[in-house]
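Colleague: So the chains spell out like this:
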Amino acid sequence: MKYLCLGYYTVDGRDRLTRDEYAAIVARCGPLDAELRGCGKAGVVASLVEHEVVTLRTRAGELSATDGPYVESKEQVGSFLIVEASDLNDAVRIASRHPAARLGEELGWALEVRPIGHLEEYRRDGGIR
Amino acid sequence: MEYGSDTSTPGDTRSLVESVYRSESRRVLATLVRLLGDLELAEEALQEAFRAALEQWPAGGLPGNPRAWLVSTGRFKAIDALRRRSRIDYWDGERLEAMSAAPAGNAEMERAIEYIPDDQLRLVFICCHPELSQDAQVALTLREVCDLTTEEIAHAFLVRASTVAQRIVRAKATLRARKLAVELPSAQELPHRIDAVLRTIYLVFNEGYAASGGTRLIRTDLTGEAIRLGRLVVELLPDSETYGLLALMLLQDSRREARVTDDGDVVLLEDQDRSRWNRNQIQEGLELVKRAVASGTVGGYTVQAAIAAEHAAAADYTATRWERIVALYDLLLRIEPTPVVELNRAVAVGMRDGAEEGLRLVEEILARGDLSDFHLLHAARADLCRRAGLREQAHHSYRRALELAGQEPERRFLQRRMREME
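Chains as they are written, first to last, in my numbering: chain A, 666 to 794; chain B, 50 to 471.
Be aware that one or more of the hints could be misleading.
Stated by the list, open to error - Simulated pairs of lysine to any residue, SDA-like, Cα-Cα distance not exceeding 20 Å: (1) B:Lys228 - B:Thr212; (2) A:Lys667 - B:Val218; (3) B:Lys126 - A:Cys704; (4) A:Lys667 - B:Thr212; (5) B:Lys126 - A:Ser761; (6) B:Lys126 - A:Gly705; (7) B:Lys126 - B:Gln105; (8) A:Lys667 - B:Gln215; (9) A:Lys667 - B:Thr198; (10) B:Lys126 - A:Pro696.
Bear in mind the hints are in silico, worked out from the structure with no lab data behind them. Quick caveat, the model's predicted, so the values are computed rather than measured.
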């Protein structure tokens, strides 16, 4: 099964960082990223650029493009990865090497692990109360 | 993505590795837990070992002893990962230290990587550690010992996969933080630890045998896993109560086909077509009861199995030897003085001495308030009232039972009976 992991950070936390602190934390991300990429279970490991986001939607039947993200929030998605895992706990085990899960405690970093595309399988048959 | 459709692995080797995974992965994991002293590290090592097998077996061929190859490879990969991580400051170097205490010489290593039955027993004891919550014990046992996925466990227990995932993550953190993992229990601890293992297995069985909620009465996925675990524990730890538990599960499960109609409705013991009971399971269960009684102090599971054996041995409902069943409940009540056992005894007394006598005992339990929210108590009272001709009281109790019952087939049964009392 495939799982999408979203790495979050807070704008406040990021703004508090000095340039040196930022460099230090980025340096620590390297080995973690390398391990994640090397484990053979992570299909895509990527970072996202905060600015220059375009949101597409249909307005009055016409496609419209607006400047900026869909969700205006202090919490931002800064990275994502897709893991191939045998189950949710296996995905958690693999994803636990991601910087957003391991680092940035004081910066509000976090990693969300979400199953892709098989929700209906366990909704079926009253799987969710 | 590069996984899943790896063209460098011929299909037949892939399916070979998969079949080795199915037959060996739990034993490889169990041995890795012994060698690495940590459940999570062992799981990771297991994954790495099978990944290496997929890469190396196509060219090099299947090793002479695949299991030993996997253990040795997994251990090597784990040490490698720990070395790498010890250079990253977030990771604790403690585990690497523990690892260097592992056997160094070749001959010694060869012996160490051989699977021993104690490995799997250790894994069962770890998963059922009394320091973990009952929910966590069940989830961990089904995942690590039975190889069910988080999603399958969640589905079986009607909870969210994320809830089960969190339980498992926390349980592993508890095991690691308290270093509870690897030692087999001492002789002194053993009875207490076995109790926890048997309780967990029986809980899995019961959830399967009479689901607490949902649309089906019986969940054969869970009863099947519980019986499998019961067999494993009997093999690893032959003892009166492990025989007793396996016997109990086999005897209860032997009635599976007769307990529900094709439409999923409940069929009571008295109405069941006994020719549909599984004779092989009954035979095995009866043998196990004998062995349990012969091999030591009789415990709660053995007595319950003996009660189930009485039902299994009766040619039809009227041939049930209720006096023996009541006597067995008397014995069970001495071992487990709980209100639920008392309730079951009251029902048996109601069969031996008449509904009024059973009702008197049920009223006593009800008056104490112990089981006032237990739907089966109200269902039992309703049935005794019905048989005693107290229609109004029966109706009242069926209604109360219906308010408390969570599972659809049982609710339909109670509704039917309630209507009959109107």
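Colleague: Compare the structure with each hint and give your call.
Modeller: Quick rundown of the hints versus the structure:
This hinted pair does not check out: Lys228 of chain B and Thr212 of chain B have alpha carbons roughly 24 Å apart, beyond 20 Å. Annotation: proposed proximity of Lys667 of chain A to Val218 of chain B holds, straight-line Cα distance about 19 Å (limit 20 Å). Note on Lys126 of chain B and Cys704 of chain A: the hinted pairing holds, with a Cα-Cα distance of about 11 Å set against a maximum of 20 Å. Straight-line distance between C-alpha atoms of Lys667 of chain A and Thr212 of chain B comes to about 18 Å, which keeps the hinted pair within the 20 Å bound.
For the hint pairing Lys126 of chain B with Ser761 of chain A, the CA-to-CA distance comes to about 18 Å; that is within 20 Å, so the pair holds. For the suggested pair Lys126 of chain B and Gly705 of chain A, the alpha carbons sit about 14 Å apart, so the restraint of at most 20 Å is met. For a cut-off of 20 Å, the pair hint linking Lys126 of chain B to Gln105 of chain B stands: about 14 Å separates their Cα positions. Between Lys667 of chain A and Gln215 of chain B the alpha-carbon distance is near 18 Å, which keeps this suggested pair within the 20 Å criterion.
Among the hinted pairs, Lys667 of chain A with Thr198 of chain B is consistent with the structure: their alpha-carbon atoms are about 13 Å apart, no more than 20 Å. As the CA atoms of Lys126 of chain B and Pro696 of chain A are separated by approximately 17 Å, the hinted pair is consistent with the 20 Å bound.
Checked against the numbered hints above, the structure violates only hint 1.
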